[in-house]
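> Here's the letter readout for the chains.
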Amino acid sequence: MISQASQRSIVVISVTAALLMLVLVLVHSLTREIIYSNTLSSKKEKLLELIPKRYRTGDIHIESLSVPKAHWTSLGLENSINYHVVNNFGIPVAVIIPAIGKGYSGNIKILVSIDMRGSIIFVRVTSHQETPGLGDQIEITKSQWISQFSGRSLSNTTEADWGLISDEGAFDSFTGATITPRTVVRQVFAALNFGYTILNRGHDSLKKVEGMN
Amino acid sequence: MNDSSFFKNNKKQLWTNNLTLIKLMGITPVLAITTTLCSALALGLATLLILISSNVLISVLRKNLTEKTQIPFTILVVATLVSITDLLMQAFAYELSSSIGIFVPLIATNGIVWDRVREIAYHKTVAHAAYDGLVCGTAFLIVLSVVGVSRELLGAGTIFKNMHLIFGPAAKNWVVHPFSENFEVLIFNFPCGAFFILAALLAVKNTIDLYSHEHTK
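Top to bottom, those sequences are chains A and B. Heads up, the first sequence is in the numbering used here, so the first residue is 1 and it goes up one at a time. Heads up, the second sequence is in the numbering used here, so the first residue is 1 and it goes up one at a time.
Watch out, some of these pointers could steer you wrong.
Distance condition first, Cα-Cα at most 20 Å in a straight line; then the derived SDA-like pairs of lysine to any residue [what the hints assert, rightly or not]:
#, chain 1, residue 1, chain 2, residue 2
1, B, Lys68, A, Ser3
2, B, Lys11, B, Ala203
3, A, Lys43, B, Ser98
4, A, Lys44, B, Phe92
Going by beta-carbon spacing under 8 Å, a handful of chain A positions derived as facing chain B [stated by the list, open to error]:
#, residue
5, Val12
6, Ala18
7, Leu20
8, Val23
Source of the hints: derived by calculation from the structure; they are not laboratory data. All values derive from a computational prediction rather than experimental measurement. We put the beta carbon where it would ideally sit given N, CA and C, even for glycine.
Based on the provided sequences and hints, a complete structural model is requested.
Now the structure itself:
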């Protein structure tokens, strides 16, 4: 026979659990929409950091399409990731291409924004595990190193130039790391190449690209 | 409770018996989340709220619970309160919640919350439990903030960075750079640096205690 005290605590626990569950459901349903839109706008904000103000004079709309499977290897992707087309007043002004490279200690994820003429606007590292104080100079907050890609395109930089100066390429390295900058240069080149295939297709057929994977 | 015992109790929880500095409770967030004062304050405040509310809720129902049902009931209450706090933060302070990430849900495992629930909430009146939650939460908040300020100053060379995440856009220009622009002692940006700060804090506390003890003799 269960004692009366135990019986009472079982009832109290059950009722409290039911009530707390109700509260939790209520809070969840009230906050779900807000959290969803928060996540979206934070993603959009992160992407817009790659697009300077002069490209966005008004109504900005970002179209996200998945990278076709044929390009996954060159971009270092292992699963479906989106690239983005940035539209200003409905006219595409830039594309943002993701790429992943093997760094000194783990993956380096980068985003490359390219304007409609095929020149790189910005390159930014979104996540990495490189050695603090050495390899982390690929971050824009730590060093200006990553700015050297701005303005580069396939027409002003030949394929042989897409390497570090120490590898007879055209890009500066930085002290204390070789693997990290080498990976970044290579993946920026891969992203730029993919950007060109998109740009050459023309914006109208971008949707067909999405259907291809 | 008369004034002097009221004060004594405060001093006990805030200083003499500070759970973080004496029993080293809840040091995971102290080591992990204190790179800026901003995130230290945010997590400290969230912990404070959860401490008070779980203490109150459990104290209200304490007479209806046998000893055997205390642990499942504590899990139920603390986990729900933590989930609610996490959802509300994601909804109304999104940037703040993404900067302290997983450590809000992890408040559910904070030793201080569990210690106070066991020691106070199941035995004392609602008012006492609420007050104890407030004092212990404040004690934890103070330790977090001290470590946070020190690490931000040494690791990033700033004070009051990112405060606008808590206090609104007006706080954006509170940030002070006491040193040169690129000042940074790298180790303090990592948990091992936080260990040194915490150790220094313990040493300072013990020295003061020792000194005042000798003088009262």
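> If a hint holds in the structure, say so; if it doesn't, say that too.
A quick look at each hint next to the structure:
1. B:Lys68 x A:Ser3: Answer holds: B:Lys68 to A:Ser3 is near 12 Å, not above 20 Å.
2. B:Lys11 x B:Ala203: Within the cut-off at roughly 19 Å; holds.
3. A:Lys43 x B:Ser98: holds (12 Å)
4. A:Lys44 x B:Phe92: Holds - the C-alpha atoms of B:Phe92 and A:Lys44 are around 18 Å apart, at most 20 Å.
5. Val12: holds (4 Å)
6. Ala18: Since the shortest Cβ distance to chain B is 11 Å, the answer is violated.
7. Leu20: holds (4 Å)
8. Val23: At 7 Å from the nearest chain B Cβ, A:Val23 passes the 8 Å test, so the hint holds.
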